[in-house]
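S.K.: Sequence:
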Amino acid sequence: LLCGEAVRLGFDCHCVCGYDYLVASSSRKGGAFYKGERFAGVKLALEVAAVSRHPKTISLMGADMNKKSVSGPDGPRMKIVGENELCGIANIINNVMGIDCGRAADQLAGSVCDTPPSFATAFTHQWADVSFGDCGTFQICHCNQQCTERQNWRSIGTVVVEAAPLENEHAGGVLRSFPACEQDFDLSSFKTGTLGTVPLEKRVQTTITASLGISGGLQPLGSILHAIRATLVKIIAVESPMLGVTIPLEEDVMVRSLDGRRLEEEDDDRRLQSGCFDDDAVFAEMARKIGLALSSCTEVLSTVYTSELCGDPIIADAVWKGCRQTCGLCTYLPPTTVRTTRPPLLTTSTETTTTEDGNTTTTVVPTTTTTVTTWPGGPDVLRLAVEVGVNSDRGALHLEARLEALRADPVVFLRALHEELSKSFLRPGQHPDRLWLWVVEGPTRLSGADGGGGGGGNASQASGAAASAAAGPV
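Residue numbering for the sequence shown follows our numbering, beginning at -7 and increasing consecutively.
Please note that a few of the clues may not be correct.
Only pairs whose alpha carbons sit at most 25 angstroms apart, straight line, appear in this in silico BS3-like list of lysine-lysine [stated by the list, open to error]:
| hint | residue 1 | residue 2 |
| --- | --- | --- |
| 1 | K35 | K60 |
| 2 | K226 | K194 |
| 3 | K415 | K226 |
| 4 | K21 | K60 |
| 5 | K415 | K313 |
| 6 | K35 | K21 |
| 7 | K35 | K48 |
| 8 | K27 | K48 |
| 9 | K48 | K59 |
| 10 | K59 | K27 |
Using C-beta positions, here's what the derived DEER-type ranges look like [to be verified]:
| hint | residue 1 | residue 2 | range |
| --- | --- | --- | --- |
| 11 | H46 | V15 | 35 to 41 angstroms |
| 12 | A41 | T107 | 17 to 23 angstroms |
| 13 | A155 | G33 | 32 to 38 angstroms |
| 14 | E75 | T238 | 26 to 32 angstroms |
| 15 | A41 | S287 | 40 to 46 angstroms |
| 16 | R437 | V237 | 16 to 22 angstroms |
| 17 | S110 | E141 | 19 to 25 angstroms |
| 18 | H46 | T290 | 35 to 41 angstroms |
Calculated directly from the structure, the hints in this document are not laboratory data.
All residues carry an ideal CB built from backbone N, CA and C; glycine is no exception.
Take these sequences, add in the hints, and give me the full structure.
M.R.: Have a look at this one:
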């Protein structure tokens, strides 16, 4: 590599390229090489490639870089801003982890950045474990010292963030997509098809059951269970020529949490972990960084409703870190067990005894069998019972095949679930970044009796009784 090419890729080559560094430092202030500078005609603007949600170390090369008191308030500092924004006054982009910057209370005073480099010498500054939620091309800005002064910020290069590859449960779960990171994922094996006319479809009233586990941190909220049901309907749907509808209908699908559904009107404080509280100091500090002079959650609630405070995207970070109890964002106690004991199954056996006179006596003795299910996914797994009512023999076979396909490859379901959750108006922290799916039991067909001609050809009629009989269905 030429010296300029090495610098552009983030390599420190001041030993080999000492002459170029000397020439550059003689005609500039100290700090990272910025856009427009060259070594022997080669541009030095930094080029960084990153993958969304994957930590990255960003290394900035330069000369006479500040290496004294780097943890102090004056710098050095780095921030990532929009591609065409001015470094001195622009705020950091959304969904960046590893760098903490915000806007000062004085809107003209420039941004305030708090994260020092993890490694600093006279020729390089590094920030480790920086990750990006959003995808796109962004600008890298650097300040060598006195970073509250906007004229000391310089544009030194770009970072191009691409979407993370699709992953399955064994490779670390399926990630939530952030803006510009949405990917087209293959629904070809799950797209709504038709059962066809050969062999002849028959009317059979039956219910398909399965037990699903979703780990990653989802809570049994009504809105989350609705999203799971909508995703299931989308994934397992098929057109029934006999019934003249796409089955199953949404009302044919019941999703129930085995840990109990938590309704919004319940007293949240009863199940909160100890140590859950509002932190007014943190809230005030986070609010200050976006130019708001707010001192506490209670102060805000004196002028607005709770829903306005907790749902405002502008102060979402401040609320998430400082108003956890007020906005119901605390972590709930995980289930104390990940083993499910089913009600005992009653069976009978016979015992034969012989009396002294040679006669035999046979006695029927009741016995019980207890089934224990061990759930994968760890203590935060959301344990679900699923029942799907169907009014067609071939429809039942299709639904069983779809559920088996989810066991083999859950990626499509989880990507579709992330989309549904993103439309569910969840609070910060209620939509986990990464999810896993486990088909723990089933699919199992509960009944297969001929439904005859009295069903009216509507799938929802076939399953209404089964869905309404379950406690707390969605």
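S.K.: Give a verdict on every hint.
M.R.: So, going through the hints one by one against the coordinates:
no.	hint	result
1	K35 x K60	violated, 28 angstroms
2	K226 x K194	holds, 23 angstroms
3	K415 x K226	holds, 15 angstroms
4	K21 x K60	holds, 16 angstroms
5	K415 x K313	holds, 23 angstroms
6	K35 x K21	holds, 18 angstroms
7	K35 x K48	holds, 23 angstroms
8	K27 x K48	holds, 22 angstroms
9	K48 x K59	holds, 22 angstroms
10	K59 x K27	holds, 22 angstroms
11	H46 x V15: 35 to 41 angstroms	holds, 37 angstroms
12	A41 x T107: 17 to 23 angstroms	holds, 21 angstroms
13	A155 x G33: 32 to 38 angstroms	holds, 35 angstroms
14	E75 x T238: 26 to 32 angstroms	violated, 44 angstroms
15	A41 x S287: 40 to 46 angstroms	holds, 42 angstroms
16	R437 x V237: 16 to 22 angstroms	holds, 21 angstroms
17	S110 x E141: 19 to 25 angstroms	holds, 24 angstroms
18	H46 x T290: 35 to 41 angstroms	holds, 39 angstroms
Hints 1, 14, counting from the list given before, are not met by this structure.
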